[in-house]
Amino acid sequence: MPDTAPKIIRRSALDGHRHVGDFGTIKGGVPGIVIQERRALSIVHLDAWADQVVACGKAIEKACGTAPAADPVKASEKNDTTVLWVGPNRWLIVEPESRDLFATLSADVTDDLATLTDQGHSRVCWRITGPNMRDLLAKGSTIDFDQSQFIPGDCVGTLLSHFTTVLHCRGDDTVDIYAARSFAVDLDHWLTSSSLEYGLWVLEPA
Amino acid sequence: MSNQSNRLGGFGHINRSKPIKFSFDGKSYMGFEGDTLASALMANDVKLVARSFKYHRPRGIFSAGAEEPNALVSLREGARQEPNTRATVAELYDGLVANSQNRWPNLKYDTQAINQLIAKFIPAGFYYKTFMGPFSSTKMWMIFEGFIRKAAGMGTASGLADPDRYERSQAHCDVMVIGAGPAGLSAALTAAETGARVVLVDENPVLGGRLRQERMEIDGKPAYDWAMATAASLQAMPNVRILTRTTAFGYYDDNLIGCIEKVADHFPVPPDNLPRQRWWKIRAKQVVLATGALEQPLVFGNNDRPGIMLAGAVRAYINDFGVLPGRRAVIFTNNDDAYRTALDLLAAGASVQAVVDARSAPESDLINAVRAKGVEILMGHAVTNTHGHFALQSVEVTPLVGGVSRDISCDLLAISGGWQPALHLSSQTGAKAVWNPDSCCFLPGAPKWAERSAGSSAGQFSLYACLSEGHVRGVEAAVAAGFKSEKSWTVPTVEIEKPARTEALWEAPDAGGHPKKFVDHQDDVSSDDVRLAHREGFISVEHLKRYTTLGMGTDQGKTSNITGLAIMASLRGEPIQAVGTTTFRPPYTPIAIGAMGGSEIGQHYRPRRRTPMQDWHMERAGEMLPAGMWERPRHYPAHKGETLREAYIRETAQTRKSAGICDVTTLGKIDVQGPDAAEFLNRLYANGFAKLPVGKARYGLMLREDGYVYDDGTTSRLSENHFVMTTTTANAVPVMAKMEYYLQVVWPDLKVKIVSVTEQYAAIAVAGPNSRKIMQKIVDLDISNEAFPFMGCAPCMAAGVPSRLFRISFSGELAFEINVPSDYGQYIWDALVEAGKEFDMVPYGLEALGNMRIEKGHVAGSELDGRTTAEDLGLGKMLSKQKDFIGKALAYREGFVADPRKKLVGLVPVDGKSSLPNGSQIIESADSKPPVKMLGHVTANGFSPELNTPMALALLEGGLTHEGDIVIVANPLKGLSIPAKVTNPVFVDPEGKRLHA
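Residue numbers (our numbering), protein chains in the order written: chain A, 1 to 206; chain B, 1 to 997.
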């Protein structure tokens, strides 16, 4: 079901809990971590029938301008649209809320190719940047976050502290973290408190 | 404030430009940056630092490292107080406060030192025999225990919450090198030069290991310079991570190494938002263990006095810290290495009174070098007793074969029983240690994982061997991890030594009298205790350990295990290898509980899930209750002072009278799509779903494979191939996992996809006779009874938001449930609250929700307890005869259908006012004599404002065949025995007319 509701403001799970500003030990005026919530997002979960993966990929490409990455644990991107691998034949298609993504996808990704489920309100997304981004992630997950191993385009599902997350590496010092909305306040607290030793900027949502 | 009378000029690596003030037992002292608490105390000529565990004997500093058994102090004050901290590894910082422990009223005059006078009567195990045996069945032991705990023991915790932060971190690498002495540095450097990712950990603040503590040379320069240069090379390599102040404490399966990094222990308070400690999990493809070796002491009479110290530790204090541990020294050894101590002491300006060597006639360059300095060397001798009290005054030296004892005046006795490789980590992998009689030590056994030992941890004790072995093992590890070694490497130039053979001396003989000879200094275990264990049959090393507590202190027997088992081997008349070692287990050194907890404290001990309306609830709820990982409002007090009972009865009454609103977001919601979705649900649920029309919801009952009831909820058909299922809050995840399992494993032929949409939608229930009027204000659907009958569902727009509307009811009233995208949840909630104002709609919490379901006899978690069948719950007719479903095969087995089973009934108190507490037992009569048969139990209870009576649901043997009977609801814990009448479990609107209104 599309989630377009003109003139009605979406309320993030973090609204009322977000503390924007400078925190912790910022050395030389440069924070080790910058946290910004990405919102509002449209997210569609796409689950392809096993015998229609290729056709489904083409349909996604037609709708979004980019096909899913050929390999698992990878993401593809085109303009503002990101296709995150979240399991065999399963992707999350993410973009800033500007069009009816669900309807757009439904037009090309038909029932015989895949099922679509609106998940635009189910996740909160943090964009983490800064030279200590990998140190921060290593505090909570057993993934190998070395620059040679967790590279731009990687997309992994992992526990970060207690929280089930999808981590999308977007650059050497940038990652997008997707987590369930109901855990957002506690995960945000974990992210910010774990960043204090590096120096932290929390920005207004993008 | 004392001056540092024992500080040496020209020795040590301390930073003399940074003096540091600290205190011990209330007295102020000065030290330098780079000191440990032990070295600084020694510099200030403080010899007495502790009292022993059991006999309260005066103890001094025994070692210079993690193996320290004696110098345990209480560090810091207040909430940061750390008992039992080894002074030998506590880095000095400005303002450090340390206190001795296990003494009263003070360290010098400790009243419990009286235990020394009765030491003969309190050997190992005395208190079990004396106090527990005769008094084991009485409370007397509890009284004795209090005294014993006070008399023997160590420091105490502050009891205050630790104010500091602890964290965790993870790392991966190709080669992990543990220990940064000569072998570790060589291994790390050569492995890193292949391009491998290397992690090098060392427990000290600065790399170098024993190279910092010895006066050796590499390439014609001090070995320390080589260590610093190598450390600098490693630090400059991008593929190397160096963790100092980090102890690898545990070696786990598949090369997972647990480490503790003491990030800020060298500060009074962690600065710059740093955690105090960090718990590392490091996964390595290959491991090089370069953990070094631990010098072993010798066992002789009164071998525990302050001033008796390991010979290697003496060199460490001189060469690393610039401190002279004594001015008139005697060396007692069974190996060549201690001769270095004699040379270093002489170089530092001390006099060496004698070297007492237990070997009969060893010859080596090192021995000759000492002899050339004019030091008396007593071959074939042993120290057999010592004198002094708070400080060593003299030692008694006796020939091992014939001859007369003599006293030698001294203030320092440096002892060495040889070196034992620190094979703790190797042993933790399961590698069985192997006894090496030539070196008188255990060596690491055959590796179980991808690891190898190098240097002295592999029994290679010479500097040349450490450097060359380190290189070889580093290359070997890197190659095994998939890298190529192309760079040639030459072992640096070092002196090649040919030491004389070490000869074991496990216990020096008595030479008149029978003084205490301590094997385990920390737990006050003597060689007599080992003999006692042997006499009493505890001859296995594991039994020896537990009977005497040998090696069970915080030092884990690093300086006692080998000697203890060697003495036992001798008593058994068997070789040491046959007796074996005790099992090494993590941690290698003590770990703070805070580090184990990491950041998972407070709100992160157990993260909470929040609904989109959580803030609204938290502002108004009287109490939040955990429900799975969620927290839900229990009730909403209408005014200050309204009790929980008053509130939930009011919420129940007002909902049934007009309307109530409830946040039901926490229920599990699962999207089920695909051409076989209906068939899938039909197999999953016990009742039929294949023919559920589009736009309709149905209550579904799920069984476990064994036929018991598993879960329930409503499932709605949104379109031909699209359903949305709801589950109970607690079972949302297990049900989803079970569905995935069946789709992937059992019925892969079904073309169905499932996705959790619990997070996507906020769910709000509006119940009560006015609920339609309220809901109609915000939705664009015609929701009249005709257009939108009971169990209808449809998409709609609600206040401009695309939503899903369901006409379902848990309360038994006319009710609607609306699902809206979560970010709009609060918006829609506010809209509904506003719409409900004219009807005095109330929010209702978990208590009223539960109360209304009890009034309706709806089963929930307390009845779906894994022991009830559908028939037990009055839902037997839901089991379809027309189709197969999960659990059907076992749902009709004999025990499930045979009477009498406990079945769902209602209960009301006969007096019309007594509550019937949950969990109460149902019995036949209050006069029953034990054993009393339990006929059932109360599963849920509440108060029905409509009937004006307390009520309860219960599982009662025979169920409704007892309807109208009077039973006794007994709750011995609360002293209750309440007559109650058995009723139908549906108390309110049994015909269900309200649902269809």
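No wet-lab data here; the hints were simulated from the structure. Accuracy of the hints is not assured; some may be wrong.
[Stated by the list, open to error] Below, in silico cross-link-like pairs of lysine-lysine (BS3-like), each with a Cα-Cα straight-line distance of 27 Å or less:
id, chain 1, residue 1, chain 2, residue 2
1, A, K74, B, K837
2, A, K27, B, K18
3, B, K993, B, K837
4, A, K58, B, K751
5, A, K74, B, K18
6, A, K27, B, K262
7, B, K120, A, K74
8, B, K981, B, K877
9, B, K751, A, K62
[What the hints assert, rightly or not] From chain B, some residues computed to sit far from chain A (all C-beta separations above 10 Å):
id, residue
10, R168
11, D671
12, G674
13, D706
14, Y708
15, V755
Glycine is no exception: its CB is placed at the ideal position from the N, C-alpha and C atoms.
How the hints compare with the structure:
1. A:K74 / B:K837: Violated. K74 (chain A) to K837 (chain B) sits at ~51 Å, over the 27 Å cutoff.
2. A:K27 / B:K18: Within the cut-off at roughly 25 Å; holds.
3. B:K993 / B:K837: Given pair K993 (chain B), K837 (chain B) holds - Cα atoms ~26 Å apart, limit 27 Å.
4. A:K58 / B:K751: holds, 21 Å
5. A:K74 / B:K18: At roughly 53 Å apart (the allowed maximum being 27 Å), K18 (chain B) and K74 (chain A) break the hint.
6. A:K27 / B:K262: holds, 22 Å
7. B:K120 / A:K74: violated, 72 Å
8. B:K981 / B:K877: holds, 26 Å
9. B:K751 / A:K62: With Cα atoms ~25 Å apart, K751 (chain B) and K62 (chain A) stay inside 27 Å; holds.
10. R168: The claim is violated: R168 (chain B) sits with its nearest Cβ about 6 Å from chain A, within 10 Å.
11. D671: violated, 5 Å
12. G674: violated, 6 Å
13. D706: holds, 30 Å
14. Y708: Y708 (chain B) is indeed farther than 10 Å from all Cβ atoms of chain A, at 29 Å.
15. V755: violated, 4 Å
The structure fails hints 1, 5, 7, 10, 11, 12, 15 (numbered hints given earlier, in ascending order).
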